[in-house]
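Enquirer: Line order of the protein sequences matches chains A and B.
Numbering follows the working numbering, in which position 132 of the first sequence is assigned residue number 528; successive positions increment by one, without gaps.
Numbering follows the working numbering, in which position 195 of the second sequence is assigned residue number 246; successive positions increment by one, without gaps.
Among the hints, a few may not be true.
Said to hold, decoys possible - On the chain A side, residues computed to face chain B include the following (Cβ under 7 Å):
1. D425
2. V432
3. Q479
4. G540
5. T552
6. T554
7. P647
8. Y722
In case anyone wonders, no lab produced these hints; they're calculated from the structure.
All residues carry an ideal CB built from backbone N, CA and C; glycine is no exception.
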Amino acid sequence: MTARTLYDKLWDAHVVRDNEDGTALIYIDRHLVHEVTSPQAFEGLRLENRRPWRTDANLAVADHNVPTTDRSHGIADPVSRLQIETLDENCRSFGITEFAMNDPRQGIVHVIGPEQGATLPGMTVVCGDSHTSTHGAMGALAHGIGTSEVEHVLATQTLVQKKSLRMLVSVDGSVRPSVSAKDIALAIIGRMGTAGGTGYAIEFGGDAIRALSMEGRMTVCNMAIEAGARCGMVAVDDTTIEYFRGRPFAPTGEQWDQAVAYWRTLHSDPDAEFDRVVHLDAASIEPQVSWGTSPEMVVPVSGQVPNPFRETDPVRRTSMARALEYMALEPGTPITAIAVDKVFIGSCTNSRIEDLRAAAAVVRGRSKADNVKLALVVPGSGLVKRQAEAEGLDRIFTDAGFEWRQPGCSMCLAMNADRLEPGERCASTSNRNFEGRQGQGGRTHLVSPAMAAAAAIAGHFVDVREF
Amino acid sequence: MRAFTRHEGLVAPLDRANVDTDAIIPKQFLKSVKRTGFGPYLFDEWRYLDHGEPGQDCSARPLNPDFVLNQERYREASILLTRRNFGCGSSREHAPWALEDFGFRAIIAPSFADIFYNNCFKNGLLPIVLSEGTVDRLFRAVEETPGYRLTVDLPAQTVAMPCGELIDFEIDGFRKHMLVEGLDEIALTLQHADAIRAYEERRRREAPWLFRA
Numbered sequence: 397m398t399a400r401t402l403y404d405k406l407w408d409a410h411v412v413r414d415n416e417d418g419t420a421l422i423y424i425d426r427h428l429v430h431e432v433t434s435p436q437a438f439e440g441l442r443l444e445n446r447r448p449w450r451t452d453a454n455l456a457v458a459d460h461n462v463p464t465t466d467r468s469h470g471i472a473d474p475v476s477r478l479q480i481e482t483l484d485e486n487c488r489s490f491g492i493t494e495f496a497m498n499d500p501r502q503g504i505v506h507v508i509g510p511e512q513g514a515t516l517p518g519m520t521v522v523c524g525d526s527h528t529s530t531h532g533a534m535g536a537l538a539h540g541i542g543t544s545e546v547e548h549v550l551a552t553q554t555l556v557q558k559k560s561l562r563m564l565v566s567v568d569g570s571v572r573p574s575v576s577a578k579d580i581a582l583a584i585i586g587r588m589g590t591a592g593g594t595g596y597a598i599e600f601g602g603d604a605i606r607a608l609s610m611e612g613r614m615t616v617c618n619m620a621i622e623a624g625a626r627c628g629m630v631a632v633d634d635t636t637i638e639y640f641r642g643r644p645f646a647p648t649g650e651q652w653d654q655a656v657a658y659w660r661t662l663h664s665d666p667d668a669e670f671d672r673v674v675h676l677d678a679a680s681i682e683p684q685v686s687w688g689t690s691p692e693m694v695v696p697v698s699g700q701v702p703n704p705f706r707e708t709d710p711v712r713r714t715s716m717a718r719a720l721e722y723m724a725l726e727p728g729t730p731i732t733a734i735a736v737d738k739v740f741i742g743s744c745t746n747s748r749i750e751d752l753r754a755a756a757a758v759v760r761g762r763s764k765a766d767n768v769k770l771a772l773v774v775p776g777s778g779l780v781k782r783q784a785e786a787e788g789l790d791r792i793f794t795d796a797g798f799e800w801r802q803p804g805c806s807m808c809l810a811m812n813a814d815r816l817e818p819g820e821r822c823a824s825t826s827n828r829n830f831e832g833r834q835g836q837g838g839r840t841h842l843v844s845p846a847m848a849a850a851a852a853i854a855g856h857f858v859d860v861r862e863f
Numbered sequence: 052m053r054a055f056t057r058h059e060g061l062v063a064p065l066d067r068a069n070v071d072t073d074a075i076i077p078k079q080f081l082k083s084v085k086r087t088g089f090g091p092y093l094f095d096e097w098r099y100l101d102h103g104e105p106g107q108d109c110s111a112r113p114l115n116p117d118f119v120l121n122q123e124r125y126r127e128a129s130i131l132l133t134r135r136n137f138g139c140g141s142s143r144e145h146a147p148w149a150l151e152d153f154g155f156r157a158i159i160a161p162s163f164a165d166i167f168y169n170n171c172f173k174n175g176l177l178p179i180v181l182s183e184g185t186v187d188r189l190f191r192a193v194e195e196t197p198g199y200r201l202t203v204d205l206p207a208q209t210v211a212m213p214c215g216e217l218i219d220f221e222i223d224g225f226r227k228h229m230l231v232e233g234l235d236e237i238a239l240t241l242q243h244a245d246a247i248r249a250y251e252e253r254r255r256r257e258a259p260w261l262f263r264a
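One chain only, chain A, in its complex shape:
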């Protein structure tokens, strides 16, 4: 048999039918559902008198709109409240398992899937959310879909897909201390550009990826979409398998052994061919800080805000100039001279226990700078929150003047009350620095949890390696 990549293996295992036109009908093992991109899909089912094909393949949670403050009185915003009530009602009437807002297992959809073992190696995983690429860290084929496809998956348990090209991004060697998975992700996007992965399924490999925990791999795969690739993935190894042992939705007993034997085949064959291979030297990656309004606009913390006039591509030059104007930054400004107004530690990129530990290690025994109006820590799930509290991390944050909140997407996209005011500048562990993403007129700098924590203490960006 010809050598196959991990992507080929996952694809082949899910082909229901090859269509004559070059597409294939692909079976979906796990469909994750949240409140924002599902109501119109359920409505579509009702209008056509259709039922979900397989209710037990779905798992729903409300995360985008939920308040991160006291939830005992419900949601103040009536529009957000209606959307969450609509999800509750849809799940009830169609028999879909939902972790409701006050369930201790509630959290960001891309945190709870792996945490519950609801997304497993070898699965196809989809969700009406672009950061579904996160689940590729398990050795799964996972990507975001629009609402029409949410409806298609609900009704048929399949998607009509055309196979993507295959790309290997190999991060070779070891990263230096205090350089995190987020820095690797941002460095990759800085190198490839936000459209560099368009049309590709990316496999992340190399020693530096192998050395990452599952949390770290999720951070890297999460941001594959920021490099333009719908899905990112990492081969299964002992780290993957150990992560899933004992998780609520993971197999047990004989089925566990059977699953593990299969999972061990989920890697690219040694002579498998990729359509494109990109190498990065891990040792050369520094902590990263984005300066502009696209995740590709990123520099090492030792760097400076770049000068658009040095850019030869005219389209890129215009984008850079526009970004500098929006961000109110001057070319040549050292990154460490940029002061921040708010700090956000959270999101599906960086809200897992390891992220909170990394941030807490920097914060311990220190205090938030006076010029930082708000430093927000939003755990990715109720279970992450509980674990962090058991380790005393919440106290480290609150003693330093940070706020410790309830789980949700929060200020990553500011659909709830957590947002930037016009002109405010934020060190954020989220994934997108688009104009207005964290609130109209807000200015986002993407960083790792440790770098965000250090910025909150210093009041401006600092090199966490010297902090």
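On the provided structure of chain A, position chain B as indicated by the hints.
Expert: Just chain B, lined up with the frame of chain A:
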């Protein structure tokens, strides 16, 4: 779904690269549980000078006179001309819903983000990829010529310029077929319900852990 065969319309130039879906339809409008009514909020943060909220009557809001869609000559545009990597960012289908609700039928750019590109086809909206050089030429033509119109012919895979010059474009056969015929993809897939059941049966034997309730 609304079919797309041939469309002739006014072109509006949006001279920005990497236009993301947060810009196309900001997050506060995603709280709607409906599929329609997003047009008035398309490009909300660029189009208006104030902050918009869902349900707001946009007719009384202050317009940003510098934004291209607010200029009189582009008011009736139905073809959007823009730069590379249009539609990057989130998977929100509200982005094509908003473009379609505003009145756009086609978008021309050197490249599109994957998920957005795919979402367009589900909503009768045609994304057309043309080379950077051709897009540059069209930008110049649109700016120099008030009332500049193009004719898109999907079956023929051409864009016709007013001078009669035809520009060819590529598109996947299956996407073209779905759009030209305006087909319901779910109904088509359900024609293969037996194949899906057969797959499930085989898979249940090979990988039973995937079917634990």
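Enquirer: Any CB of chain B closer than 7 Å to the CB of A/T554?
Expert: With a minimum Cβ separation of about 6 Å from chain B (threshold 7 Å), the hint on A/T554 holds.
Enquirer: Do the numbers back the hint for A/P647, that is, is its least Cβ distance to chain B under 7 Å?
Expert: holds, 4 Å
Enquirer: Identify whether the interface hint at A/V432 stands, where standing means a beta carbon of chain B within less than 7 Å of its own.
Expert: Check passed: Cβ of A/V432 comes within 5 Å of chain B, closer than 7 Å.
Enquirer: Have a go at the A/G540 hint: is there a Cβ in chain B nearer than 7 Å to its own Cβ?
Expert: Given a least distance of 4 Å, the restraint on A/G540 holds.
Enquirer: Would the stated hint for A/Q479 survive a check requiring a Cβ distance to chain B of less than 7 Å?
Expert: holds, 5 Å
Enquirer: With chain B as the partner, please determine if A/T552 meets the hint condition of a C-beta pair closer than 7 Å.
Expert: holds, 5 Å
Enquirer: Should the hint that A/Y722 touches chain B count as held when the rule is a Cβ pair under 7 Å?
Expert: violated, 11 Å
Enquirer: Are A/D425 and chain B close enough, Cβ to Cβ, to be under 7 Å, as the hint says?
Expert: Nearest chain B Cβ about 5 Å off; hint holds.
Checked against the numbered hints given earlier, the structure breaks only hint 8 and satisfies all the rest.
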